Amino acid sequence: MLNETSIWGIFFLPLISFFTISLIIRPFFNSYSVLSGPIAILGIGASFIISLLTFVETIIKGNVIPVSEPLEWLTIGSFQFTVGILLNPLTTIMLVIVTGVSLMVQIYSIGYMKSPQNNHEAEPHGSSIPIRELGQPVYARYFSYMSLFTVAMVGLIMAANIVQMFVFWELVGLCSYLLIGFWFHRPAAATAAKKAFIVTRVGDLGFLIAMIYLFSKAHLFPETANPLHIEDINQYLPTLVSGGAITLITLGIFIGAVGKSGQFPLHTWLPDAMEGPTPVSALIHAATMVAAGIFLVGRFFPIFLASDYTMTVVCLTGAVTAVFAASMGLVSNDIKRVLAYSTVSQLGYMMLAMGVGAYGPAIFHLFTHAFFKALLFLGSGSVNHATGTFDMRFMGGLRKHLPITYFTFLIGGLSLAGIFPLAGFWSKDEILTNSLASGGILGMFISLLALLGIFMTAFYMFRALLLTFGGTFRGGSDKDPSAISHGPVHLADPPIYMILPMILLAILAIISGFFANPLFGFLGIPAHWMSHSLDASLPLGLHGHIEGADFSFTIALVSSAIALGGIILAILMYKTNPVIYPETVGRTFRPIHILLSKKYYLDELYEDLITTKLYYARIANISDWLDRNIVDSTVNVVGWLGANIGGALRQLQNGQTQMYATATSLGIIIISIIFIFLD
Numbered sequence: 001m002l003n004e005t006s007i008w009g010i011f012f013l014p015l016i017s018f019f020t021i022s023l024i025i026r027p028f029f030n031s032y033s034v035l036s037g038p039i040a041i042l043g044i045g046a047s048f049i050i051s052l053l054t055f056v057e058t059i060i061k062g063n064v065i066p067v068s069e070p071l072e073w074l075t076i077g078s079f080q081f082t083v084g085i086l087l088n089p090l091t092t093i094m095l096v097i098v099t100g101v102s103l104m105v106q107i108y109s110i111g112y113m114k115s116p117q118n119n120h121e122a123e124p125h126g127s128s129i130p131i132r133e134l135g136q137p138v139y140a141r142y143f144s145y146m147s148l149f150t151v152a153m154v155g156l157i158m159a160a161n162i163v164q165m166f167v168f169w170e171l172v173g174l175c176s177y178l179l180i181g182f183w184f185h186r187p188a189a190a191t192a193a194k195k196a197f198i199v200t201r202v203g204d205l206g207f208l209i210a211m212i213y214l215f216s217k218a219h220l221f222p223e224t225a226n227p228l229h230i231e232d233i234n235q236y237l238p239t240l241v242s243g244g245a246i247t248l249i250t251l252g253i254f255i256g257a258v259g260k261s262g263q264f265p266l267h268t269w270l271p272d273a274m275e276g277p278t279p280v281s282a283l284i285h286a287a288t289m290v291a292a293g294i295f296l297v298g299r300f301f302p303i304f305l306a307s308d309y310t311m312t313v314v315c316l317t318g319a320v321t322a323v324f325a326a327s328m329g330l331v332s333n334d335i336k337r338v339l340a341y342s343t344v345s346q347l348g349y350m351m352l353a354m355g356v357g358a359y360g361p362a363i364f365h366l367f368t369h370a371f372f373k374a375l376l377f378l379g380s381g382s383v384n385h386a387t388g389t390f391d392m393r394f395m396g397g398l399r400k401h402l403p404i405t406y407f408t409f410l411i412g413g414l415s416l417a418g419i420f421p422l423a424g425f426w427s428k429d430e431i432l433t434n435s436l437a438s439g440g441i442l443g444m445f446i447s448l449l450a451l452l453g454i455f456m457t458a459f460y461m462f463r464a465l466l467l468t469f470g471g472t473f474r475g476g477s478d479k480d481p482s483a484i485s486h487g488p489v490h491l492a493d494p495p496i497y498m499i500l501p502m503i504l505l506a507i508l509a510i511i512s513g514f515f516a517n518p519l520f521g522f523l524g525i526p527a528h529w530m531s532h533s534l535d536a537s538l539p540l541g542l543h544g545h546i547e548g549a550d551f552s553f554t555i556a557l558v559s560s561a562i563a564l565g566g567i568i569l570a571i572l573m574y575k576t577n578p579v580i581y582p583e584t585v586g587r588t589f590r591p592i593h594i595l596l597s598k599k600y601y602l603d604e605l606y607e608d609l610i611t612t613k614l615y616y617a618r619i620a621n622i623s624d625w626l627d628r629n630i631v632d633s634t635v636n637v638v639g640w641l642g643a644n645i646g647g648a649l650r651q652l653q654n655g656q657t658q659m660y661a662t663a664t665s666l667g668i669i670i671i672s673i674i675f676i677f678l679d
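Residue numbers for the sequence shown follow my numbering, beginning at 1 and rising by one.
Quick caveat, the hints were computed from the structure, so don't treat them as lab data.
Remember, predicted model here, so these are calculated numbers, not experimental data.
Take the hints with a grain of salt, since some may be wrong.
Unchecked claim - Below, computed lysine-lysine pairings styled on BS3-like, alpha-carbon distance capped at 25 angstroms:
1) K400 x K575
2) K575 x K194
3) K194 x K598
To be verified - Here are the computed distance ranges between Cβ atoms for each label pair:
4) L564 x Y309: 34 to 44 angstroms
5) I503 x L564: 23 to 33 angstroms
6) R393 x V167: 37 to 47 angstroms
7) I594 x V67: 51 to 61 angstroms
8) L452 x L220: 38 to 48 angstroms
9) F553 x L42: 38 to 48 angstroms
10) N636 x N88: 55 to 65 angstroms
11) A643 x A663: 20 to 30 angstroms
Note that beta-carbon positions come from the ideal geometry of N, C-alpha and C, so glycine has one too.
Assemble the whole structure, with the sequences as input and the hints as a guide.
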């Protein structure tokens, strides 16, 4: 029988593996760093088993696992910082996603991140320095970081206190920085890591401001409630503060989610995050970093419901992001960047669903997306393992050389496109149904954007599939110096360590959608059990339970037809003998093609205009002038006054008795005159 101690094991087992690798294996047993992978797999695997048992016990069987109230950790005045577990359906589902995908990624990494002792490749996965020259700790360092990444995300999910949550929220950001810049000797990787860290800090500032403003409202909470406990915030805050205050708090939280989940306009870090090892990209895009933003909105969804303005902002941001990111995926030639833009787009769908009140469908899509997106990223790593490049212009013809990779990648692509009966079909159509059910001009507008996004998703996914696996092999990186060189060409499926996770994730990409939300019940599992259990777990508050719209066959047929239209267009343009030549389309719509290739010039806007011309040329110079002429001058004047006044006063303390007598006599005379004339 599971208990609270078992639940804590989900957090502490990966933490033990992190400390074992970083404090024992890496400093003392470098020659045995190959053990780092199995140690990480054991810790995260045990965590996944407990998460799965918790899922079965609480969601499938409907039992309650009792957990104690959060324990007091620190008290400063009326401020009480507590540490505890918040165990509800959202927590349970997220734990399965994070630990399950992380386990698959760790197993895959055994083959992808080869042991330093056996790796003789000159340029391992983007490195310009042989791995043997980087030293033995590189392998242990990788698995220690990956274990810590899992710990950070699990801690974020389980946190019962908003301050406890913020600590792990920042730790997730730190881990992403360390892993994106894992090949720190490559300038591009170091720059991408700094970019991710800085851009997400912008969002974190919004989250921090929301927390501070929330603290200012602590006196409004009943004595029996703790204003830092997430459950108390969700239950009491909408009834205690005005609409303006709740809007400011929810907007601050949402800005934090925008940064972590790469929503417009803070999405620019996410494509550059591809500089990290491919398994890192899979973990970031499927279960950790970007999922944290969606989880944050879901965790505080009851207070979001109390602000119609914030819900509208969330809805529009998600809809615009879904189309905006998908459009950039249409022209990208790097297979990992295509998948990165796809992630941003799919996260936009989840935010759209949150904005229209479809909390259950949003988390359902997060659930299915984790499996097929992890599968696609691992598939891109397999392709890179074979060809030595991520550039699709130098791939082609890999279907016959990598049959297992092709088949699993095809399943992931079909699921992402929302093709029946794969997982993405069920979750994406629930989002569409709820967006249309929201009604009004806004509901129609976001639904049209969502349908446009479906068409573009199907097109760019099958464009990537045909460029990578169709036609004939175009030489890989060894044949063209302009390609991104990662190593020699080995046209074959990767080792079993890499293939097995891909097969398991492909199975989940097929069955997870219907299993998680069957239409009419399945083997005793009630219909729509995931969405309904998530919706029913929300506190009643001001708005009551949110009921998601039922599955619509009409909408499913329309969205499937639109997705098939995108697939057909991709086939017509990118098959061996195309009917429509991509070069002709590119020339016809050259300005649009350039705009998309340049990513709407947002990098230039942020880095050249805002950072260089505005910040360095204006704000930084003004700050420097103020520092030198105001701050430094003020300090210098205070120091001069202290030194010179002290020198003047020192003359009065010269040790001459007659001087003291004279000063005393003068003082007596002055006081006497004052008293005489005042009378």
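*asked:* Tell me the hint numbers this structure goes against, listed in increasing order.
replied: 2
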